[in-house]
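Using my numbering, read the sequence shown as starting at 45 and increasing by one per residue.
Keep in mind the hints are simulated off the structure, nothing from the lab. Please note that a few of the clues may not be correct.
Computed Cβ-Cβ distance ranges for the label pairs, DEER-style [as the list claims (entries may be wrong)]: (1) N124 - A244: 30 to 38 Å; (2) D160 - E222: 18 to 26 Å; (3) G174 - R293: 19 to 27 Å; (4) L307 - L187: 29 to 37 Å.
Where is the CB? At the ideal position from N, CA and C, for every residue including glycine.
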Amino acid sequence: MRIFDPHIHMTSRTTDDYQAMYASGVRALVEPSFWLGQPRTSPTSFYDYFDALLGWEPFRAAQYGIAHHCTLALNPKEANDPRCTPVLDQLPRYLVKDGVVAVGEIGYDSMTPAEDHALAAQLQLAADHGLPALVHTPHRDKLAGLRRTVDAVRESALAPDRVLLDHLNETTVKEAAESGSWLGFSIYPDTKMDEDRMVAVLKDHGTEKVLVNSAADWGKSDPLKTRKVADAMLAAGFTEDDVDQVLWRNPVAFYGLSGRLQLDVPAPEALHEGNSILRGGE
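When you get a sec, could you build the whole thing from the sequences and use the hints?
Take a look at the structure:
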């Protein structure tokens, strides 16, 4: 079984997680830039973070046989902080990098005017750079947030079929599908969706344009949830081809819109004196 996790925050995970993910079938992933838990106080901290997503994390992932890509953006939560908004002016120099396969996460957190501005600006950046967009739908007031997001996409220069609406659930999937966008679902141990609810959604809505991710951030989360969804699908009567479509071909198709996917991972170098990971060069 091959798995592509289309949204997982490996910055918050250990090297053991990479090893376990590979053993479960994960061969590729996308790591979106996100809020790191403590508010940033200047744009420069974003740039160091972006550099890590473009350099260190792909290097770390490759040592465990996993192809790593990223999406970059000013996230919705920090779009409300004027100390952070200069990031919007510097994003173009990062969006031309080979490892960047979308603009994201963008979207809404509290649905403020500042978030409206950041979302519109970054949808335009995606259109300008020929990239798709990964859009975070809010965790509160989900249906209202989904509708506001869909309106913003319709008003933008980016076609809906180049947009992935993420963090969907049973209350938002129908209208998200009607918008023409791709559909993303985050699977968690206690919050958002779980694997059984995900299987029920797939039974109702089918497997077309559906992406399933483990997100796996700082809170209680599980980087193997993609595999658990695959197993739950098979147990519920879905075919291996259905599983391959949802867990591999759909994310490859969406992020392939960037023209930048590189799914072949070079063989890792020999480790130095038994160290568990290489540190990289200067």
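Outcome of the hint check:
{"no.": "1", "hint": "N124 - A244: 30 to 38 Å", "verdict": "35 Å, holds"}
{"no.": "2", "hint": "D160 - E222: 18 to 26 Å", "verdict": "22 Å, holds"}
{"no.": "3", "hint": "G174 - R293: 19 to 27 Å", "verdict": "22 Å, holds"}
{"no.": "4", "hint": "L307 - L187: 29 to 37 Å", "verdict": "36 Å, holds"}
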